[in-house]
Amino acid sequence: MTLKIDFEALKTLSPAEIKPIQVLDEQGKVVAPELFPDLSDERLVELFKKMLWSRILDERSTKLNRQGRLGFFAPTAGEEASQIASEFAMQKEDFLLPAYRDVPQLVMHGLPLEKAFLWSRGHVLGNQYPDDLVALPPQIIIGAQYVQAAGVALGLKKKGSPNVAYTYTGDGGTSQGDFYEGINFAGAFQVPAIFVVQNNGYAISVPRTVQTAAKTLAQKGIAAGIPGLQVDGMDALAVYTVMSEARKYSAAGNGPVLIETLTYRFGPHTLSGDDPHRYRTANEENEWLQKDPLIRFRTYLDAKGLWSKEQEEDFTAQVNEEITEAMKKAEQAPKQKISEYLKNVFVETPQALEEQIAKFVAKEEE
Amino acid sequence: MAKTTMIKAINQALEEELKRDKNVLVFGEDVGQNGGVFRATDGLQAKVGKEQVFDTPLAESGIGGLALGLALTGFRPIPEIQFFGFVFEVMDEIAAQISRTHFRLGGTRKMPVTIRAPFGGGVHTPELHSDSLEGLVAQTPGLKVVIPSDPYDAKGLLIAAIRSDDPIVFLEHMKLYRSFKQEVPAEAYTVPLDKAAVKREGHDVTLITYGYMVHESLRAADELAKEGIEAEVVDLRTISPLDEETILASVKRTHRVVLVQEAQRQAGVNGQVAALIAEKGILELEAPIGRVDAPDTPYPFSEAEESWLPNKNDIVTKVKEIVNF
Ligand SMILES: Cc1ncc(C[n+]2csc(CCOP(=O)(O)OP(=O)(O)O)c2C)c(N)n1
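Protein chains in written order, with the working numbering: chain A, 8 to 373; chain B, 1193 to 1517.
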C-alpha cells in the first residue's frame, strides 16, 4: 500500500513538528500538488455541490428555526470542508457516529432530510433509521461517541469487515475522559476507527487555549500511540486527502487515526440563545470569513471552467426546493403517542407497564 | 424589596457569597465571560475576578474532582454542571467520592461543595437536558438535594447551601428561571435546608411536591377550591433528606395525600415519601396514597413533552379520586 501520508511516522512525531496540511490556499491555488486528491473533475464538482448544499441547508435551517418550524439547531456554516469533505472520503458502509453539529454528514451518509428535520423537532421518526443507514443519531453527550466508535470499530474488526468507524467531536470534546479512553482503546485494540476533532476554536464560549495547554489537539494521538495530524479545515481538498488516506491506512488493519481539522463556525454555537459577541471579536470573525471553504474551492473550480454562476443559481434553487419538500413531509408526521413510547421501552413489555399503557391508550383515544 | 426572577435571585446569592468570602469559587463550562448558558453567573467574573469565577475545560468528571480537591484545601466550591442530564459524566465524583468524604475520614474533614445544575422539562431541549434525575442523587447517602420552586427560596436556600459544610446538589428547574417574579430581599438571608414549606393551607387533602410541580399543584388547588376541595400544598424544597415532621403533620391535618413529581413513576422521590407515610402515618390515612408522575419511559422526544409531562389536570383528577375514595 502506498500512501501520500506517512502515518507510522506520525505516531512518534514531536508536537512541534505538527503543521496543518493544506492543498488549496486561500486564493484557490494548489500549494501541495503531491497531496491533490484522486478525484475526477466530476467528483470535484460533486464535492463542491455537497458543500454548497450544506451552506444552503444551514441558512434555511436558521430561518426555519426562527419561524418555530425546526427545533434544536447547531449552525454549520464555515465547517463545510471539515464536515462534508471528510464524509465524502468515506464509504456508505462505513459506520458514522456523529455529534449534534454533524447533521449534514448524516444526511450525506443516507439519512433522509425530512428525518433530520424530525430529529430537530423532537420526533421519534427522526431516529428510526433505514436498515441500510450505517450510523447512530447525533450524540448529545460530548465525547460519548468516541468510546462508542472504539467499540463499533472493534466489532468491525472481529467480523472481518472491510469498513471503518468514523466519528466527530469538537475541540471542547477533547477534554472529556471519553475522548482519551476512546482513542486509547482504539489504539490498544488496533481497530479501524477514524477520530475527527473539528477544532472551531471554541466550546460554546470557551476558547481552545482555556481547554488545554497542549499546542495542538492532533498531538493527543501520540500518547495513545496512534497517528495524529492536523489539516486546514477550511480546505476541502486537504481534508478529503487526509481523510481518504487515513481511511485506507486504517481499513488495511493499521489501527486508528486522529485528525484535527482547523475550522470555524460563522454563526452562534446553537440557536438556543448563544451570543458569540460575548466571547469573540468582530475582527476575528472577519478574518475567518476570508477563509470561507466555499470561496476558495469555488475560485479553483471556476478557474478550471468547472463551475459557473448560472450553475450555482440553478443548484441553489433546486436545493431550496428539496428543503421545502422535506420540511413539508416532516410537518406531516403523525403526533407521537406516549402509549407507543411505553411499548418501546423494552422489547418484551413487562406486565408492570401495562397499567400505564392502558392509561395512555385511553387518554389518546379521547 | 424588589421583584426578581429566580435566575436573578440565584445570581444575587452567588454574588453576595463570592464577595463575603474569598474562598467561595464558582466554576464550570461557560460560567466566566459568557455568564453561563442561562446567565446565572452573568457579570460575576467581571465583579470578583477570574480567581474566584472561572471557566474549566469541558469535562464534568474533571469539574467534580476539582471541587473535591478545592474543598479539601480550604475553599468552598460551587461547580456548575451545565445541564443535570450530564451528571452521569461526574456521577463517580458526586456519588462515590464527594458524598462520602466526611464519613470516610471519620468526620475529620469537610466537603463544603454546592453543585448547581439546571434541569426539568417542558422547554423543548435536546436529549438529556431535561431529565429529572434528582432521584439518583436523592438516593445517595451523604448528599443533601435541594430544589427551590420560587425566587425567594432559591436565594435563601442557595446561600444556606454555600455556607453549609456538607455537600449539596442544588437543582434549578429551567422552566422557573424566568417564568415569574417575586419579592426578594436585596441583602443575604438563608432558608433552612431541612424544612419543607407549606405553600398553601388546606384541610381536605395534602399535595406533596417540589420544583416546577409546586406551581401545577397550586393551580390544581385553585381549581379544586372552586369545587369546595381545600388542598394543602407542601413544597419539599430539600428532597433529601426529607423533612418528615412537616410531611407527617400535614397528613395528620388532612388525612389524604397525593404525591406529585415531574419525574417518572419509578424515579424522583414520590416513592420515598410514600414509604415514609406508609411507615409513620398510615393510621392517619382515609384513602390510599395517590401519585401523579410521568410514565416510565426515558424522557420523551420534545414534540411529545406536553402529553408526557404530568400537569394540573392530572393532579385534579387524582385528587378527586382520592377525596371521593
Ligand atoms: C457531557 C456534556 N457536557 C456539556 C454539554 C453542553 N455542551 C454542548 S455543546 C458544548 C460545547 C462543545 O464544544 P466543542 O466540543 O468544541 O464542539 P463544537 O460545539 O464547537 O462543535 C457544551 C459544553 C454536553 N452536551 N455534554
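Some hints here could point you the wrong way.
Said to hold, decoys possible - Below are the DMTMM-like pairs computed for lysine to aspartate or glutamate, each with C-alpha atoms no more than 20 Å apart in a straight line:
hint, chain 1, residue 1, chain 2, residue 2
1, A, K344, B, E1498
2, A, K344, B, D1358
3, A, K335, B, D1506
What the hints assert, rightly or not - Short, incomplete list of chain B residues facing chain A, as computed with Cβ under 10 Å:
hint, residue
4, L1258
5, G1261
6, W1500
Stated by the list, open to error - Here are the in silico distance ranges between beta carbons for each label pair:
hint, chain 1, residue 1, chain 2, residue 2, range
7, A, G167, B, R1292, 41 to 51 Å
8, B, P1480, A, E372, 57 to 67 Å
9, A, N327, B, K1387, 51 to 61 Å
10, A, A324, B, H1316, 51 to 61 Å
11, A, M8, B, L1297, 51 to 61 Å
12, B, A1470, A, K99, 36 to 46 Å
13, B, L1297, A, Q98, 22 to 32 Å
14, A, E188, B, F1295, 44 to 54 Å
15, A, K222, B, D1284, 25 to 35 Å
16, A, Q297, B, K1373, 24 to 34 Å
These aren't lab readings, by the way, just hints derived from the structure by calculation. Quick reminder that beta carbons are idealized off the backbone N, C-alpha and C, glycines included.
When the hints from earlier in the document are held up against this structure, which numbers fail?
Structure breaks hints 2, 3, 4, 5, 8, 10, 12, 13, 14 and 16.
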